[in-house]
Amino acid sequence: MNTIERISKMAGERLVYLPLGGAGEVGMNMYLYGYGKPGKERFILVDMGVTFPDMDGTPGVDLIFPDIEWIADRAKRLDAIFITHAHEDHVGAVGHLYSRLKAPIYARKFTSHIAALKMAEHGYDGSEINVVGAMPEQVQVGKFKVGFMPISHSIPESSGLVIDTPDGRVVHSGDFKIDETPVLGEAFDREAWAALAPVKALICDSTNVFSRHEGRSEATVGPNIVPLVRDATGMVVATTFASNIARVKTLAEAGREAGRSICLMGRSMQRMVKAGIETGVVTDFPPYILPEEARDVPRENLMILATGSQGERRAATAQLSRGKFLGISLREGDTVLFSSKTIPGNETSVGQIVNNFSELGVDVIDDKMADIHVSGHANRPDLEEMHRLVKPQILIPNHGEHRMLREHAKIGEANGIASMVAPNGTMVSLSGDRPEVVEFVETGRLYLDGSVQIGALDGVVRDRIRMALNGQAVIGILIDEDDEALTDAWCELRGLPEQGRSNAPLQDILEADVGQFLGRADAKTIANDDKLEDQIKRIVRQTSQKEIGKKPEVVVLISRLTA
Numbered sequence: 001m002n003t004i005e006r007i008s009k010m011a012g013e014r015l016v017y018l019p020l021g022g023a024g025e026v027g028m029n030m031y032l033y034g035y036g037k038p039g040k041e042r043f044i045l046v047d048m049g050v051t052f053p054d055m056d057g058t059p060g061v062d063l064i065f066p067d068i069e070w071i072a073d074r075a076k077r078l079d080a081i082f083i084t085h086a087h088e089d090h091v092g093a094v095g096h097l098y099s100r101l102k103a104p105i106y107a108r109k110f111t112s113h114i115a116a117l118k119m120a121e122h123g124y125d126g127s128e129i130n131v132v133g134a135m136p137e138q139v140q141v142g143k144f145k146v147g148f149m150p151i152s153h154s155i156p157e158s159s160g161l162v163i164d165t166p167d168g169r170v171v172h173s174g175d176f177k178i179d180e181t182p183v184l185g186e187a188f189d190r191e192a193w194a195a196l197a198p199v200k201a202l203i204c205d206s207t208n209v210f211s212r213h214e215g216r217s218e219a220t221v222g223p224n225i226v227p228l229v230r231d232a233t234g235m236v237v238a239t240t241f242a243s244n245i246a247r248v249k250t251l252a253e254a255g256r257e258a259g260r261s262i263c264l265m266g267r268s269m270q271r272m273v274k275a276g277i278e279t280g281v282v283t284d285f286p287p288y289i290l291p292e293e294a295r296d297v298p299r300e301n302l303m304i305l306a307t308g309s310q311g312e313r314r315a316a317t318a319q320l321s322r323g324k325f326l327g328i329s330l331r332e333g334d335t336v337l338f339s340s341k342t343i344p345g346n347e348t349s350v351g352q353i354v355n356n357f358s359e360l361g362v363d364v365i366d367d368k369m370a371d372i373h374v375s376g377h378a379n380r381p382d383l384e385e386m387h388r389l390v391k392p393q394i395l396i397p398n399h400g401e402h403r404m405l406r407e408h409a410k411i412g413e414a415n416g417i418a419s420m421v422a423p424n425g426t427m428v429s430l431s432g433d434r435p436e437v438v439e440f441v442e443t444g445r446l447y448l449d450g451s452v453q454i455g456a457l458d459g460v461v462r463d464r465i466r467m468a469l470n471g472q473a474v475i476g477i478l479i480d481e482d483d484e485a486l487t488d489a490w491c492e493l494r495g496l497p498e499q500g501r502s503n504a505p506l507q508d509i510l511e512a513d514v515g516q517f518l519g520r521a522d523a524k525t526i527a528n529d530d531k532l533e534d535q536i537k538r539i540v541r542q543t544s545q546k547e548i549g550k551k552p553e554v555v556v557l558i559s560r561l562t563a
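Going by UniProt numbering, the residue at position 171 of the sequence shown is 171; the numbering climbs one at a time, nothing skipped.
Since the hints were made in silico from the structure, they are not lab data.
What you are looking at is a predicted structure, and each value in this text was computed from that prediction instead of being measured.
If a hint is listed, it holds; no wrong ones were tucked in.
Across the chosen pairs, the derived CB separations fall in these ranges:
| # | residue 1 | residue 2 | range |
| --- | --- | --- | --- |
| 1 | P286 | E137 | 31 to 37 Å |
| 2 | V139 | V441 | 23 to 29 Å |
| 3 | A468 | R190 | 50 to 56 Å |
| 4 | G126 | P227 | 42 to 48 Å |
| 5 | G459 | P298 | 52 to 58 Å |
| 6 | G12 | R464 | 46 to 52 Å |
| 7 | V441 | K274 | 37 to 43 Å |
| 8 | G123 | D534 | 45 to 51 Å |
Glycine is no exception: its CB is placed at the ideal position from the N, C-alpha and C atoms.
With the sequences and hints as input, model every part of the structure.
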């Protein structure tokens with residue numbers, strides 16, 4: 001223990017780590033580091049990411065963020081925000097949530113460019129963002145001294161963070177792979193990473209911990225794509241993550257080598273390529289045309305690079321699979337390349353798109369049929385190599401589902417590293433020889449629903465799911481000033497069959513049953529809106545259960561006339 005560490009121990013200060021998102025899931029990354037006396041720590045925040053909704057669990061939702069209420073309540077103790085790289089699950093929430101935090105943002109040049117675009121969408125002028133160079137440059141923020149350590153991933157200028165504290169050095173790996181020939185961006189530098197060792201703690205990507213073979217380099221992809229494009233007879237469409245600019249460039253170069261005109265289709269892909277060129281991280285990108293120009297190119301001379309590799313309904317690939325999009329349509333003899341891996345949970349939507357293409361007579365080639373994709377995340381041997389390089393005393397796995405974190409922690413313990421699984425909401429002290437849980441913080445999710453942010457527990461999405469599963473019956477009644485039903489009840493059905501077991505219209509049956517109830521209800525029930533509503537809901541659900549085997553969501557509209 002050095003002098004600074006001894007002083008901090010005497011002062012009762014501690015170094016803590018707290019994930020708010022990204023630990024126990026893939027996506028929605030947000031991590032806090034704090035230093036100080038318990039309950040008085042000063043914090044830095046690492047990444048502000050999003051995850052994406054699905055129709056089964058979050059119908060109608062646009063984006064999902066970590067719930068930041070805990071740190072928003074302590075915003076005066078938040079000194080800075082650091083963004084490791086420009087993937088949506090690390091930077092996508094910055095514009096949406098910044099108003100509640102308002103700490104200065106630090107990122108490297110390309111990431112800053114993307115973050116500034118997102119901030120501008122919410123009325124910020126970019127002055128909130130500070131561009132920082134790579135190590136050895138570091139930013140002093142309170143008791144933290146933070147540097148951006150270049151690391152290979154699937155987007156330019158990805159960085160791990162070197163966080164020097166009074167209790168020792170913490171390395172936050174960010175998303176990474178060990179790739180010494182990444183095509184675009186910085187190669188993994190073993191010597192530079194080894195020079196950081198030994199470190200107090202390594203907070204480390206766990207996404208591919210179950211993949212036991214060594215990761216492949218991005219440089220191995222191009223030679224496999226070139227012959228597929230060269231030998232294709234019709235139009236070629238290739239889809240990948242828009243942020244994987246190295247892959248987009250590889251695909252574009254394959255098209256150019258085959259003598260095809262390159263068209264970028266999808267705003268996010270156009271935006272990423274433009275940002276890469278403007279910031280200088282992308283050079284010699286093949287010339288490309290816009291979709292309106294592509295309509296005039298013979299199909300055998302055209303290669304489209306499209307967004308939507310994960311089955312997003314509104315993205316270019318999905319639209320092309322459903323027919324014509326921006327004046328371009330696919331037909332028999334054309335080829336579509338999925339140069340990506342399907343993220344778990346997206347299999348159904350991607351499968352539907354593939355089947356749509358098949359019905360059009362289009363050939364689809366994916367990563368299972370040809371080696372046209374490599375992951376941007378470290379496989380198990382690469383994770384073990386990172387452990388050996390930085391020699392951590394403590395290992396905290398992050399960026400992964402719970403089973404991934406647990407497996408990664410097992411590897412650390414097997415190699416003599418004090419390891420702990422710390423899912424979202426687990427505050428861990430890193431000050432001792434082993435990690436120690438010191439507090440559990442309530443965490444959750446925020447939904448962007450249109451232009452409004454709603455809490456996961458607010459009931460909006462839950463009600464939407466219930467209506468989707470059960471259908472809805474709306475019952476209207478009119479009560480006069482003498483508390484008597486003035487007319488028969490009326491009923492409107494949504495998402496329910498028109499007829500039930502009795503072969504009569506379900507609407508008529510429900511109106512009749514509610515009418516009979518109103519005719520026999522006592523005066524106290526008719527005079528009390530709450531009692532009246534409860535009784536009508538019960539009758540509608542009971543009748544619906546008998547007729548169609550379902551209990552719908554029921555809305556009762558009671559209108560009363562006054563003298």
